[in-house]
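The lines below spell out each chain.
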Amino acid sequence: MSKKVFVCRCEDVTLADLQEAIAHGHRDIESAKRYTGFGTGWCQGKQCAVLCAQVIEAATGVVPDGPFTPRPPFHPVPLSHLARVTVDE
Amino acid sequence: MARRFLPIENPVTLAVDGDAVTAVEDEPVAMALAASGRLVLGRSVKYHRPRGAVCYSGNCDGCLMRVDGVGSVMTCRVPSRDGMVIETQNVIGSAETDLLAVTDWFFPEGLDHHTMFTRFRSLNQVMQKVARRIAGIGTLPDHAHPPVDVVDRSCDVLVIGGGAAGLIAAAECSARGLSVILVEESNRFGGSLRSYPGWVRAEQMKGDAVSIAARLEAEARKQGAVLDASHAAIGVYGSVVAVDTSSGLQRIALKRLVVATGAREGASAIAGSDLPGVIHARGAALLLEGGILPGEDVALVGVGSFADAIETALTEAGGRVAGRWPLDAIESISGGSQVSSVMVRAHDKAKRVRCDAVVLAPHTTAVYELAGQAGVPISWQDGRFVVQGSSADGRTDVGSVRAVGDCTAVKGLDAVVRQASSAAAQLAQELAPGLGDT
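Protein chains in written order, with the working numbering: chain A, 1 to 89; chain B, 1 to 438.
Just chain A, same shape as in the assembly (with noise of 0.2 Å):
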């Protein structure tokens, strides 16, 4: 195993990639998220979005203005139970 700091553990990010991606002017949680991919894993931010919104408002002294956009689906949900859903027009 090597010496690792994660940030993200469903898409692997690491704290270095966080600090690389602010170095690079990534410096709100959107910016960040899209640029290292934190969040957009398995667990869809429930793990990482409070620790990565730390560690850039400690890197940039800006208070975040809320977490990246929640949504649907709140857990991983089987097409099988999405493919009845009617679709209004």
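It is possible that part of the hints are untrue.
[As the list claims (entries may be wrong)] Cβ-to-Cβ under 7 Å is the rule here; a few derived chain A residues that face chain B:
| no. | residue |
| --- | --- |
| 1 | C10 |
| 2 | C43 |
| 3 | H75 |
| 4 | S80 |
| 5 | R84 |
Keep in mind that the hints were calculated from the coordinates and are not lab data.
The C-beta atom is built at its ideal place from N, Cα and C for all residues, glycine as well.
Since chain A is already given, all that's left is putting chain B on it; use the hints.
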């Protein structure tokens, strides 16, 4: 090693990568695996680092396995049944010794996909093929599952979350004549009370937390609220909430929404904290309540009454607490495929402490996603996200939505009772017959 300290009732047998593993019927599969000493359940997507359950409550990626031919199933949310076939996914070899873990060694400083192999187009294309083989979680199911019908339901008030706040809101709304459905994603009610191995003292409720949870559940049922466990709200679409169950999706139409989604524990920036055997305190509490000791030598990391209660429960269950430190005293966590020691800094000296489990009790943070989908603002307070619901009555910026309980960072059970009761009283007034719906 993790083990059971209570005898097994209603045993069933799971086939785990070909081995027979005894489980308690209906016990979450991930907990049965822990009880059999199996903490390494999979590998991470990129570096193929060993992965194990962290939260035992559907909040992490740690327990994903293939269950009865379906990949990437959260085994912490699957009840054990006799004959269930559980398989490791995403490895070459086994979860313990995965050949693909070479990527972790090969790139000790990490692997930056923005710049790696991007100079030559042909090399980049080859590397993309390699990366696609290495990365990812699980493969398609053995066979297609036929589509199932969507069930439509309706109610005056839908409550999301079956912890103390949700149960109180449901009971009080029902008592005032409103039709109430409460959906809870886990398989039981009581939320954080249900897994709190200690005593609670509130003005109107004293006793051990689990009994208080049972009393609140009984009261909500008595008042006529429909309480549905294992029903996960997965999306809020205005006046309709989508709820997923093991048998299919439900569409619940509502007049008022009460978000009582509680709080959870999140990741900590500690080297090695992703190792199997490192779990969160609420996960440890769920294991202990299920008669499972998370380890023989447990390093306990955290301060506060919840960590106190965990320490007592661990000791009473026959485990040894190898030591207890605040989060910032932990320099790193080490191990091969699972945790074997922590490096602790005390009085400017670092020392290594051997352990076979680490229980982290970080500050909890609001479960904000569903409130956010409903349009309720999420703010940042003391380094955490908080759902903006009034601590007095749960009012939010969205007229049809109340937010109550831990997700609003209201402090203490007494305050939760007042907040949820006030919210219910207002909802009853707003929806009173004859006044019309607003």
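Next on the checklist: Given a cut of 7 Å on the nearest C-beta pair, is the interface hint for C10(A) held or broken against chain B?
Outcome noted: holds, 4 Å
Item to check | Supplied contact hint for S80(A), tested at 7 Å Cβ to chain B | outcome: holds, 4 Å
Checklist entry - Given H75(A) was flagged as interface, is its beta-carbon under 7 Å from a beta-carbon of chain B? => result holds, 5 Å
Checklist entry - Per the CB criterion, is R84(A) less than 7 Å away from chain B? => result holds, 5 Å
Checklist entry - Can we keep the C43(A) interface hint, with Cβ of chain B closer than 7 Å? => result With Cβ-Cβ at 5 Å, under 7 Å, it holds.
The structure meets every hint from the earlier list without exception.
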